[in-house]
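Number of protein chains: 2
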Amino acid sequence: MTDPQAEQPAAGGLTRRRLLFGGAVAGLGAAAAIGADAVLARPRADDAVAEPLNGSLTVPFYGAHQAGVTVAPQAHTTLIALDLHPDTDRDAIRRMLRVLTDDAARLTQGVAALADSEPELAVVPARLTVTVGFGAELVSRAAGTEARPAWLGALPAFGIDRLEDAWSGGDLLLQVAADDAFTVAHAVRMLLKDTRSFAAVRWTQTGFRRAYGSENNGTTMRNLFGQVDGTVNPAPSDDDFGDLVWCREGWLAGGTSVVVRRIHMDLDKWDRLDRGGREQSVGRYLSNGAPLTGTAEHDEPDFEATTAIGFPVIPEFSHVRRSRSENTAERIYRRGYNYDDAPTGGGISNSGLLFVSHQADVTRQFVPIQKRLDELDLLNEWTVPIGSAVFALPPGCAEGGYIGDTLL
Amino acid sequence: MTDPQAEQPAAGGLTRRRLLFGGAVAGLGAAAAIGADAVLARPRADDAVAEPLNGSLTVPFYGAHQAGVTVAPQAHTTLIALDLHPDTDRDAIRRMLRVLTDDAARLTQGVAALADSEPELAVVPARLTVTVGFGAELVSRAAGTEARPAWLGALPAFGIDRLEDAWSGGDLLLQVAADDAFTVAHAVRMLLKDTRSFAAVRWTQTGFRRAYGSENNGTTMRNLFGQVDGTVNPAPSDDDFGDLVWCREGWLAGGTSVVVRRIHMDLDKWDRLDRGGREQSVGRYLSNGAPLTGTAEHDEPDFEATTAIGFPVIPEFSHVRRSRSENTAERIYRRGYNYDDAPTGGGISNSGLLFVSHQADVTRQFVPIQKRLDELDLLNEWTVPIGSAVFALPPGCAEGGYIGDTLL
Chain A
1 MTDPQAEQPA AGGLTRRRLL FGGAVAGLGA AAAIGADAVL ARPRADDAVA EPLNGSLTVP
61 FYGAHQAGVT VAPQAHTTLI ALDLHPDTDR DAIRRMLRVL TDDAARLTQG VAALADSEPE
121 LAVVPARLTV TVGFGAELVS RAAGTEARPA WLGALPAFGI DRLEDAWSGG DLLLQVAADD
181 AFTVAHAVRM LLKDTRSFAA VRWTQTGFRR AYGSENNGTT MRNLFGQVDG TVNPAPSDDD
241 FGDLVWCREG WLAGGTSVVV RRIHMDLDKW DRLDRGGREQ SVGRYLSNGA PLTGTAEHDE
301 PDFEATTAIG FPVIPEFSHV RRSRSENTAE RIYRRGYNYD DAPTGGGISN SGLLFVSHQA
361 DVTRQFVPIQ KRLDELDLLN EWTVPIGSAV FALPPGCAEG GYIGDTLL
Chain B
1 MTDPQAEQPA AGGLTRRRLL FGGAVAGLGA AAAIGADAVL ARPRADDAVA EPLNGSLTVP
61 FYGAHQAGVT VAPQAHTTLI ALDLHPDTDR DAIRRMLRVL TDDAARLTQG VAALADSEPE
121 LAVVPARLTV TVGFGAELVS RAAGTEARPA WLGALPAFGI DRLEDAWSGG DLLLQVAADD
181 AFTVAHAVRM LLKDTRSFAA VRWTQTGFRR AYGSENNGTT MRNLFGQVDG TVNPAPSDDD
241 FGDLVWCREG WLAGGTSVVV RRIHMDLDKW DRLDRGGREQ SVGRYLSNGA PLTGTAEHDE
301 PDFEATTAIG FPVIPEFSHV RRSRSENTAE RIYRRGYNYD DAPTGGGISN SGLLFVSHQA
361 DVTRQFVPIQ KRLDELDLLN EWTVPIGSAV FALPPGCAEG GYIGDTLL
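These protein sequence lines map, in sequence, to chains A and B.
Letter by letter, the first sequence follows residues 1 to 408 in full-length UniProt numbering.
Letter by letter, the second sequence follows residues 1 to 408 in full-length UniProt numbering.
Looking at chain A on its own, in the form it has when it is part of the complex:
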């Protein structure tokens, strides 16, 4: 089975130069570094040579799992939730998923969609992935209510939630991600043309991380509070990653779940907190994400350590302590994005986190963590969940199949 993380040169782009760099230039580092200053001082317009074409990189579409879960997060994502039209029945769902699968398979390989109205926009895949999720209503219509996993539906109500319909729920999720915002825009449009007869857009959320090539591979994301965010995330290479993330039984075997939460971050209020206060609220240093009891990002926090006057070094109310469980099965795999939309009503920011997590079982893994954070987490002072949705991500499919074929 293909590894969804493997990147390959694009099938498309016949007329484009195929100088693919990436990791391949590593051995040339010293030579390149010597030449860099001189070359970079020249105007770009004079450069007759090719840049490294990150845009040609592709992520395989077909496989045991859907792409877009374990691949190193791309720079841009657009999440779209749709509501099925009232007359979209089982047969219509199957037709919709077949055409979505077909176009996703093409676009992710740099090939125009089947009825692509702007085929020239499809030639830069830029690690595009399209991941499809099902809400409870879609599963019910496709295979009856008994096919719904127990965790598929609204999360339990949390005291901190101020959920808005505009960012919550949905019958179908399209998660489109690439290192090029233009690629995402084109793919989204093609896919929404596929779904138009079957479903209406309920919400759209757009997020970003650092650009491809901005930072070294494996750098943990920072959020807009400036925090290193996601240090303890399981890695796809971990021995227990499969048990944490992939469902094992029924039509969802090889699939997973996704929790999407829109977390507003009050940057103006955060501004009034000093650096020490910010570090206490998280339990980590802002400079490098190290726990307050350590010196490096991946040092294990020492929750027993106390200060000279007997207080815990990592406060009881800190995020790092409250999000941690004694139970190693109570873990989730996070793959979130920042959002920074145009402010409304005189504000100077409308920002936050598109929290995205995958786990084999939402009730068993996500809910206990969120319950602890709901009860006590100092970060709640500056953050408010304003959107929430849960979807089942079916397994990947083989060529000739379609996403959801194990359900229908």
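You can trust all of the hints, since none of them are fake.
According to the in silico footprint, chain B covers these stretches of chain A (three or more CB under 8 Å from chain B):
#	stretch
1	114-125
2	181-193
3	204-215
4	261-273
5	348-356
If you only want the chain A side, here are some residues facing chain B, beta carbon under 7 Å, derived:
#	residue
6	N54
7	G55
8	G226
9	D340
10	A342
Please keep in mind that the hints were generated in silico from the structure rather than gathered at the bench.
Cβ coordinates follow ideal geometry from the N, Cα and C atoms, glycine included.
With chain A's structure known, arrange chain B on it following the hints.
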């Protein structure tokens, strides 16, 4: 005087590896290409080596001209128009511009803003530029109405316009652009904290082009209609570029003007037009942007050529014909972006073009072109200007000076 197009390694990022590639690897192309397939088939998580750190590239801030005009367009831009508070007088404007200049000079070099609340977010400049523009009201308050260039104010009314206040006007423009969306977000927040005491946000518009490294340098942008857009754009290396773009007299010497127009593109209506019709409307082939009388993008259109039955090969109503002037001084320098915002009200797209043009004199250069397009341009069938604003971009400043110091 430094060339604002020249890129240099960042001053910041002390702990980051300095493998700067870009054009420097050109001579290594063959070797890199040979190794590429093998390396790209490996999961990224296993790559212990550095990616090319595009994020470290910087554009000089100080110079005869402001940065952000002649630099090869970055992948992301955010344009923000602000209205001065009623009590923001000449002295306050000077204070505001000093602090804006200081923070822009820092951030663009990968250095935290003076009162940066999240300094760790400032270490990836990614060719960040901050360009400051003045509306008529700001110029009047700073130096009296006589300091206003005749062209500074609302454009003449065009018949095709359906302008919305939400996207029009403003006293101060901040144009923030970088190859990394996160860099733009952080810079915008820092700059808006600087202006908060002096001005309120009137509108914010966000746009994108292809990511850095997605395409070869010098590839002409396509818009969301799939058209190659900007083929005849003057290049900063052209002999007459200075005459077209830079103002020559008074406080604006070394400065320029910017026209910002938000052009809604009706993608659904465009979908109903076949490929031939699309090419006729523009007068260029969609495949490579060549004029309908040529084979390559930069071939000169032959407006005299006729078909076998005597019709012009490039139709009278086509954009390429209508936008062209006999008068070579009637040209503008375009530096636009695509936008693709979340659709509202059941639509599946909310997309278009952030038209941005620079010219020494709006009345003499921009207005005649727009008048011709207003009278007749088949593209008007699918596009609607919904926002419009004009700003004077003062010249650049020297270290110790500030943007606008020639006015105040």
